[in-house]
Every structure is written in structure tokens, then in C-alpha cells.
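Trainee: Chain residues, written in single-letter form:
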Amino acid sequence: MSVDTASVLRPASEADLSEAIREASAPIAIRGGGTRPVGRPLPGAVLETGAMSGITLYEPGALTLVARAGTPLAEVEVALAAEGQRLPFEPMDYRGLLGTMGTPTLGGMVAANASGPRRVVAGACRDSLIGVRFVDGMGTVVKNGGRVMKNVTGYDLVKLLAGSWGTLGVLSEVSFKLLPRPESAATLVWQGLDAAQAVALMSAALGTPYEVNGAAHLPDGRTLLRIEGFTRSVAYRANELAVALARFGRSVTLDREETATLWDAVRDVAPFHGREGDVWRLSVKPSDAPALAAKAGGEALFDWGGGLVWLLLPQGTDLRAKLGAFSGHATLIRASLDTRRTIPPFQPEPAPIAALTRGLRQKFDPRGILNPGLME
Amino acid sequence: MQMPAPSASVLDRRARIVARLRDVLPAEAVIDDPNETRAYECDGLTAYRCPPLAAVLPGSTAEVSAVLRICHEEGVPVVPRGAGTSLAGGALPTADSVILGVARMREVLETDYDNRIIRVQTGRTNLSVTGAVEADGFFYAPDPSSQLACAIAGNIGMNSGGAHCLKYGVTTNNLLGVTLVQMDGTVVEIGGAHMDPSGLDLLGVICGSEGQLGVVTEATLRILPKPEGARPVLIGFSANEIAGECVSDIIKAGILPVAIEFMDRPCIEATEAFAHAGYPDCEALLIVEVEGSDDEIAEQLGLIRQIAQRHDPVEFRESQSEDESKRIWLGRKSAFGAMGQINDYICLDGTIPVSELPYVLRRIGELSKEFGLDVANVFHAGDGNMHPLILFNANKPGDLETCEAMGAEILKLCVEVGGCLTGEHGVGVEKRDLMDVQFAPQDLEAQMRVKDVFDPKWLLNPAKVFPLAHSEARRAG
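In the order they appear, the protein sequences are chains A and B. Under numbering that gives the first Met the number 0, the first residue of the first sequence carries the number 0, and numbering increases by one thereafter. Under numbering that gives the first Met the number 0, the first residue of the second sequence carries the number 0, and numbering increases by one thereafter.
Hints listed in this document are in silico derivations from the structure and should not be mistaken for laboratory results. Be aware that one or more of the hints could be misleading.
Unchecked claim - Here are the simulated lysine to aspartate or glutamate pairs, DMTMM-like style, with alpha carbons at most 20 Å apart:
#1 B:K368 / B:E400
#2 A:K362 / B:D442
#3 A:K362 / B:E444
#4 B:K251 / A:E82
Please read all numbers here as calculations on a predicted model, not as lab measurements.
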């Protein structure tokens, strides 16, 4: 293990990682590529996972990949593309939105449960994650799940670790179920619908058998539906959808290249890059989304058919206070350090759930040293 | 298989416990007559039986909460039960336990096609969830073989799968929210109609926790629009290895069938004799099903045909009609019944990496000779979830034990090649004592810590999942 001048711990192996945590006597801020500084600002020494890197197993015929947690996401994507495969959940790249540098890692992606537009149909990162190895707050190495896609042996700690932002353990290895990369893709675009009409269109589209796997409504008024698959099938479904949804007006169809660029922008919330203001992420029942977005004010980008709403709001806005009680949750993704100290970035939980969450953290990290307070 | 000795103190307080349960439930919802509690002495794993102290059938979340509060105060173990179809003994009682069945809670609470969700009480059967929405063109995707009988409560407890999960995932991927009653009676809402939690993914760890973290009384499930059509193709091969290679090549070609089912010769012969589905005389057989419009189906089947041709199939039978599709599925769907007619059997459920298929099938053949028991293999090949059926004679002394010993060897083999003990049935009591094969002590400790948080007194389904030696101190505490 190397300890550089700024006293950053860089374990080179799982054994190193275990030792570093066992010997820690103060809080540790865990970092993959450092591209996702979300949540309460963290005190403490930095532990970086980047030296635990590399794909350990890739079986295209079994649709499975295992890699060390510090492996750059880009390296994995290149390896998968070479075999015509990909991660199903289209992980978001936070760099543009948060103005960060660095290299997104698999571990960071899992810790954030980072999932993009395809999540609405293909599931979140946690749904494709089939195995983890991690080191808990006492330095103990734990494995759960494995490298097979159907596995109900014991409790599913894999899901528990996904989206835990390093507060239960530091990931050392992760396994995924993969999907084939489609031969073709297309996007249908409608102009000028308001949010309510757009969500109605997206709900109708997701209720057809035409396998829409992206449904978004942008701040500029465009409403987008994506379809992917074999070339002839994409053409067929694009046509069927345009006919089935003609009551929402005429649509234009974009080709594969335009589709790729456009959905990368949706995935990474490009309309809010470099813009002044705080960014909130709202997860709600799609049909509730238009009214909530209107109540919030500001600009809104609707993804997941309306189930995910990105909001650009004036700095320091307490969105939860504006919305009052609602079903779902609001997370403050981008704001100044001061704001993130005053407004809890993660949705406060009802008492019985908060008790369970606290209990789990206490069991996995009894000394409270792993990203303490990040999710509070 | 060992179960902990019942608590003498609980048995002594039996009358008082039953009286307290009668205070909070309708008279017919508390069953304590020994003739009637016999109905709850086992589940689908019939080799092990033990009548419970009592069985209760509450009709609402509030009644479940009242029952659990009483049992918590009295220190009585509670065994949650869906429809009792578990093949792993997940609902096997102990003599000092109360069976808590959700069978009276079967209502659909909400269907919402705009948001593609349905909210149900968890005593509802899997198939009747689809039944509630299919007239409107929707379905609930997880489809365990027992779907006609099994309850959503048990599906959530065991994180059930099915034949079509290669495309649609298993229960956990189709579950959005639950109402969970904790052992002390606390009712919590986890998840809902939205996707993914803000905080820790409690829903993810509750699904598949075998009723050890709480009783799920209501669930919000994802429903999906029905595909335009579906059609299977049947492909026969001259060797298991070749069928295995063909599966791998189909997946590598970028086709994602909704199902790829595999049957070996013993299974083909047995089902053919039983169901007369017209299967070819061959060593291995695949049923591959694809979905879409007629043209899309034709295109995918064309690709599958090209790939299959490279493996010299002895038969390639593309369904041309609804009737033919049914016949192709008939043998597969009656496989378990066919084996049951020949003999008693136990059905294993290990999962292996697909690439290890030929090796594992060969080793199972060798074990079959070694132990002197026949094995038939039928399984979900796309995801490596095997279902070896080991045939034995329940009336022959020692045969069950031999069968179990052989089953244990097969499951160890699954773990050895990088797989797991159970892909969709759950651990229950059946695989409990093999958990050490797959997990190191610290791996099991991490899981047990989760139970410590949800159920500190270890009263919910306490003797399942974890080897008794590992959980002893906690159960005693």
C-alpha cells in the first residue's frame, strides 16, 4: 500500500484494504475516482480504491463480468463493447453535472447505484449486480452473491451494498449480469408538449408491447422515446409507436448515431451542466411528477417515463419544504458545501426505517468510521 | 436434519398464548386443535414434519401486527407461511412455534396501468396477479413452476424466479414496495410506486430473507405489457456438451430469448412416456422461446436456426401454430409430474456458470453411478439454474438418506465450479447445513447481523437458513 504526500491511503489489494480499515482510528472518506462528491461533506483521511483495479473474469457466453472495485468504468465498457455486450443499466457519468475531474470506477458506480435512462425497463445498477466482496468497518472481508445470475443462497447483501455510498463497507470486487449490445436504435421525438402531456405520452408508450427502453422529457420541450434491437425490428416498432401515439402529434425519428448522443445527454443531465443553481433528483410515481415539478418551480428534466425528475433550482432552495408531504424521495445532488451542511442531501427517513438503517450501520461499521454521516 | 428442541416454557404456556391470540383474531382464524394443526406440519418438502403449537390466519395488516406483538411478548417463535409450496422447508414449524399464514389476505388493492404497478395483499397467488391484469394486456413476470398455487408472500420470502427470468428478472427485480410487519408488531412501509430508495436498500435485503426479517402483508409489484406474441423452437442434440455450446453461442450472438430450457435424455424419455409431447429421440434438448411481432419472431428464430445448424442438431422444430407451441412446452411443463410417476424424487436447485454445464452434467452422471440412484436433468440453461431430479424409493429404508447425501455432493459441485446452492427455491432447512460450503463464517456472520437488527430476539423463522451451530447463541439469547 502506498501513502502519498497528502496522506491518501491507496490499498493495492483486498488484504491491504482490510488492514487499512482495521488499523484506522479516525473517520475515512472513501473515494473511487472522486467524480461523485454527493451527500454531507466528509471529514477524515481519504482512502482511494483506484489501485485495486482490473477485470478478473469475463465470460461473454454467460453474460457475466467480475472486476475489482477500483477498475475504471471506461475500461470495462471497452472490454464489453469488443464482445458486443454492455452493462444493462446505462450508468450516469456525474462529471459534467458536478464539474468534477477524475475517472469513474465500478465501485463508485455501485456505491451510488448509478443508473441511467434504461433503468425504467432494464432495472437499476442493483438489479444487474450479482455479487460483491467488501471490507466492513472492522476490517473483515465479506463476500455475498457470486458470479451466477440466479442466486438466492442466504440474504441479499448485494442489494444492500448497492447505493450504500460506502457507509456499510468498502467494495473490493463486484460482479455483473450483462446484456447484448443491440444492432440498432432509434428515437422518436415530439415537440411542444407540456409536462403532463409528456408523462401521459410516456406512460402510454411504456404500456405498449414495443419495448421502449428510454422515455424522457427535456426542459426544451422535446419528448423522447428510445427503442433498441435488431434493425428491422427497430424500424417496425418505431412505426407502430408513431401510429399508436399519433394523438400526441407528429413525431420525427432519429437514427442510431443521433440516438446515442441524445441519450448520453439525458443520462448525464447535460441541460444543467455549467448552469448556476442547485440540482435535485426526485424519485416519484410518474403520474405525480408533473404536479410536483410545477410546485418545485425551476427547470425540470423528466426521465424514466416521469419516475425520475431532475430539477435545477435557485441556490439554497429547500425543495422538501416547498413540496410538503409527497410519496417518493428528493435527493440534493449538487449544491455548495454550506447548503449540504444545512439541508440534508438524502431524504430524511420515517422513524422506524431510520431505526433499521441506523441499526445496520452500527452492525457493519460499529466505530462509525466509513463515510460517517454522508447519507444523513 | 436437526431442528432445535422446543422451548418447554412456551409449551407450558400454550393455553394462555392461544387465548391471547383468540383475543385479537376472529375465532376461526386461530387453529389449535391437534387434528387441524396437522395441516400445517410441513410444506412442499414433505420429508420433514412437525405440527406447530398453533396456526393463525389473520385477515389484515393490523391483525398480523397484533399477533406478532403477542408472540414477541411471549417469546414464541413465528413461522410465516404463504401457500406452503416451498420445496426447501421454509415453512416447516417447530412444536413451540406459531404458524402465521397470509392465506386469507388475497385482495388486489390497486391496479394502475399508467404507472404499471399493482398493489396486492401477499396471500394472493402468483398466477392470479397476472389474472387481475391480463384482460387489459398486462402480466406479472416472475413465473415459478408452482405459480398456480404459490403466494406472493412466499415469492418475496424466497425471491422466486421462473422460466422467463433471463429476460424479465426474478421477484426482487419486479418488486417496488412492501408493507412489512416487524416481530415486535411495528408496521413499516418500504418503497412504493417510485423506483429505488434514497437511503439503504432495505427492500433488497427483505426480498429473499425467507421470512426471517418480518412478515410482508402487502406488496407493490411491477406489471408489464404483454408481448405481441411468443413462439418456442425445439432443438435436439446428440450430446449434452453440444447443447451447452449452442446455448452459449445463442447468447453471444446478441439474441436474448425469454427462456432457454434444457432437458437431458433421462428426462426426455420420462416425459415422453408420460405426456407424449412428440419429443425426438436424442441426448439433449433445448426449448428456446422468443417474443415480438410475427416478423420479429421470424427474424430471431432465423438467427437461432443458423447458430443451431453449426452444432448439427438432430432436430430443429419451429412452432408453426399455437397448438404446436403448447405441445413443445407440454413435455417441459410436465417433467416434474412425469418423474413423480416413475418414483419419488428430490429436486435440487443449484446454479452454475453456464460454461461449466458439460463438466457438471458429466460429474452428475458419475455421482449417479457411485450412489446407485438415477438422475434426470431439466433446467433453465440461459441462467445456469439447474434442477437435477434424483430418483429414490421412499419405502426403501435408507434410500432417502442416500438421495440426500448425493444431493449434497451435487450442490457442493455447483459451489466448487463457481455457482451456488440455490438459484430460486431458497435455503430453508433443506440446504441450511450446507451453507458452510458456500460461505466463510464471516460471510454468514454479516448476514446474521442483518437479522439481529430486524429481529433482535431471533423469533422469526429462527431455525432456517443458518446452520444451527452458527445461530445457536443468538436463538438462545
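Trainee: The structure should be examined with respect to each hint, and the outcome stated for every one.
Mentor: Here's how the hints hold up against the structure:
1. Between K368 of chain B and E400 of chain B, the direct Cα distance comes to roughly 16 Å. Compliance with the 20 Å bound is thereby established for this hinted pair.
2. Restraint check for K362 of chain A and D442 of chain B: satisfied, since their Cα atoms lie roughly 13 Å apart, inside the 20 Å limit.
3. Between K362 of chain A and E444 of chain B the alpha-carbon distance is near 10 Å, which keeps this suggested pair within the 20 Å criterion.
4. Of the supplied pair hints, the one linking K251 of chain B and E82 of chain A holds, its CA atoms being roughly 8 Å apart against a limit of 20 Å.
Comparing the model with each numbered hint stated earlier shows that all of them hold.
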